[in-house]
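Residue numbering for the sequence shown follows our numbering, beginning at 225 and increasing consecutively.
Please keep in mind that the hints were generated in silico from the structure rather than gathered at the bench.
Ideal Cβ placement from N, Cα and C applies to all residues, glycine included.
Incorrect hints may have been included.
[Unchecked claim] Now the in silico label distances, taken between C-beta atoms and shown as ranges:
1. Thr330 to Tyr448: 30 to 36 Å
2. Phe352 to Lys478: 24 to 30 Å
3. Thr330 to Val571: 51 to 57 Å
4. Lys510 to Glu388: 54 to 60 Å
5. Val588 to Leu512: 34 to 40 Å
6. Phe356 to Phe547: 42 to 48 Å
7. Glu407 to Val303: 32 to 38 Å
8. Ser545 to Ala376: 56 to 62 Å
9. Gly302 to Thr426: 16 to 22 Å
[Claimed, not checked] Straight-line alpha carbon distances no greater than 25 Å define the calculated BS3-like cross-link-like pairs of lysine-lysine that follow:
10. Lys555 to Lys507
11. Lys590 to Lys558
12. Lys299 to Lys353
13. Lys299 to Lys510
14. Lys478 to Lys445
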Amino acid sequence: MIRLIRLLMLVPITLPRVVSFCYVLFATNALAIVTTHQLKPNGSIDTMSLGGACSTIPGTNFSVRCNPALFPYSKEEGVLIAIAGKADGDSIDNGRDLIFEPISETLIRKLFEEKNFNSFTFNSDFIFKTSFFELSYAPYYLLADIYIFNPAFPEISLNMANRENLRFTSGFTVGSMNFLTTEFTLTSGAGVYYYEHAYENTVFSLFDLTVENPEELIHIKTLYGVGADVGFFLDNNSSFFPRLAMQIKNMNSKLKTADTSSIPFLQTTQFLFETYSTVGIGKGIKTLYGGIDLSFEFPFYDYFGEVEMDHATISSRYNISLFSVLLGYGKFYKNIGLRFDSKNFNVGISYAQESDMGHLQSSVEKSVYTGIDIIL
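Assemble the whole structure, with the sequences as input and the hints as a guide.
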């Protein structure tokens with residue numbers, strides 16, 4: 225305490241600094257802000273609509289995005305351009321400006337005018353697929369989360385990322401076996417990728433604008449690395465047994481869930497860039513009027529560590545000819561999506577009720593996502 229008092233004696237006493245010091249002093253017990261997102265790197269409008277619960281759905285053009293072990297079931301070859309993102313105006317404007325525009329006082333003051341929590345995600349992929357491998361380049365995966373708190377003396381918790389990666393994915397059939405009258409088939413796959421991850425995670429107040437330049441409030445840092453996703457899929461031809469899937473995501477990731485205990489209201493993500501694992505259980509049902517896929521998926525921290533059932537998701541997909549309905553349901557997310565296919569274009573739209581901040585978010589955010597696949 226004596227050292228703290230001596231340190232304060234060396235700092236110029238201004239109202240902003242007094243307010244900031246008092247707030248930090250009395251807010252050390254504030255909860256960390258842990259956010260999750262439905263549109264993940266390598267994701268699409270389909271994976272988002274299903275809440276990510278799609279690791280047991282083979283034979284679609286988004287299956288490999290869900291689980292590399294589904295690669296042997298993918299028959300399509302060629303070039304695909306895929307774009308998906310949140311479509312409501314404020315989120316797009318703020319996210320784009322934060323990532324692409326110079327940091328200015330006007331931009332930062334604009335952020336303080338926004339609602340309590342504002343989130344933006346966007347993903348783009350260029351995919352070249354053969355019968356042996358898939359090569360994809362994602363020039364942009366964009367994320368911007370803005371949380372405004374402490375109304376008396378407004379402060380912003382900001383977490384933003386601009387990620388670029390080059391991914392190589394392939395898979396193979398491990399083998400088959402018969403049990404009673406049922407044939408079980410095990411497949412495995414992996415996606416290895418090189419990434420460049422530019423990001424910033426910080427907390428600052430409106431008063432900080434009076435004592436610091438805007439460029440000093442947001443410092444973009446960059447990480448480079450190689451990561452991998454590994455998956456397994458157990459299929460069967462029975463009407464009784466379910467399909468099973470296991471995955472490890474973002475192996476060797478340099479990004480970890482941040483320790484926010486020392487900085488109140490600092491944001492951190494989970495089940496996004498960090499290493500985590502999933503287990504999926506699903507079933508495919510064929511009818512005279514199309515096919516139905518049902519899935520239940522739940523994540524684990526790290527390499528099948530502690531399970532997190534709060535983020536378990538149930539999904540359903542109904543497909544008939546060139547039309548699909550996709551549903552995703554979890555504790556913090558409810559989605560319904562529609563997808564229309566044609567020879568050269570696939571178009572999708574999804575309506576979502578989201579609580580990216582989980583229990584800390586007092587009201588759900590109603591969002592609209594759109595996506596398009598261009599088949600060349």
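Exercise. Holds or violated: Lys590 with Lys558, Cα cutoff 25 Å?
Worked result: holds, 10 Å
For this session: With respect to the beta-carbon atoms only, verify the hint that Lys510 and Glu388 lie 54 to 60 Å apart.
Result: Hint violated: Cβ distance 40 Å, outside 54 to 60 Å.
Exercise. Quick one: are Thr330 and Tyr448 within 30 to 36 Å, going by C-beta?
Worked result: holds, 32 Å
Problem set entry | Satisfaction of the hinted span 42 to 48 Å by the C-beta atoms belonging to Phe356 and Phe547 | violated, 31 Å
For this session: For the pair we were handed, Lys555 and Lys507, check the Cα-Cα distance against 25 Å.
Result: Given pair Lys555, Lys507 holds - Cα atoms ~22 Å apart, limit 25 Å.
For this session: Indicate whether the distance between the beta carbons of Val588 and Leu512 respects the range 34 to 40 Å.
Result: holds, 37 Å
Problem set entry | Holds or violated: Lys299 to Lys510, with C-alpha atoms at most 25 Å apart | Measuring from Cα to Cα gives roughly 19 Å; hence the hint holds.
Exercise. So the hint says 16 to 22 Å: do the beta-carbon atoms of Gly302 and Thr426 match that?
Worked result: Check failed, 43 Å falls outside 16 to 22 Å.
For this session: Would you mind confirming whether the straight-line C-alpha gap from Lys299 to Lys353 stays at or under 25 Å?
Result: Status holds; Cα separation ~9 Å.
Problem set entry | Cβ distance range 51 to 57 Å for Thr330 and Val571, holds or violated | Given a distance of about 36 Å, which is not inside 51 to 57 Å, the answer is violated.
For this session: Using the Cβ atoms, figure out if Ser545 sits within 56 to 62 Å of Ala376.
Result: Holds, at about 57 Å.
Exercise. Lying within 32 to 38 Å: is that true of the beta-carbon distance Glu407 to Val303?
Worked result: holds, 34 Å
Of the numbered hints listed earlier, those contradicted by the structure are 3, 4, 6, 9.
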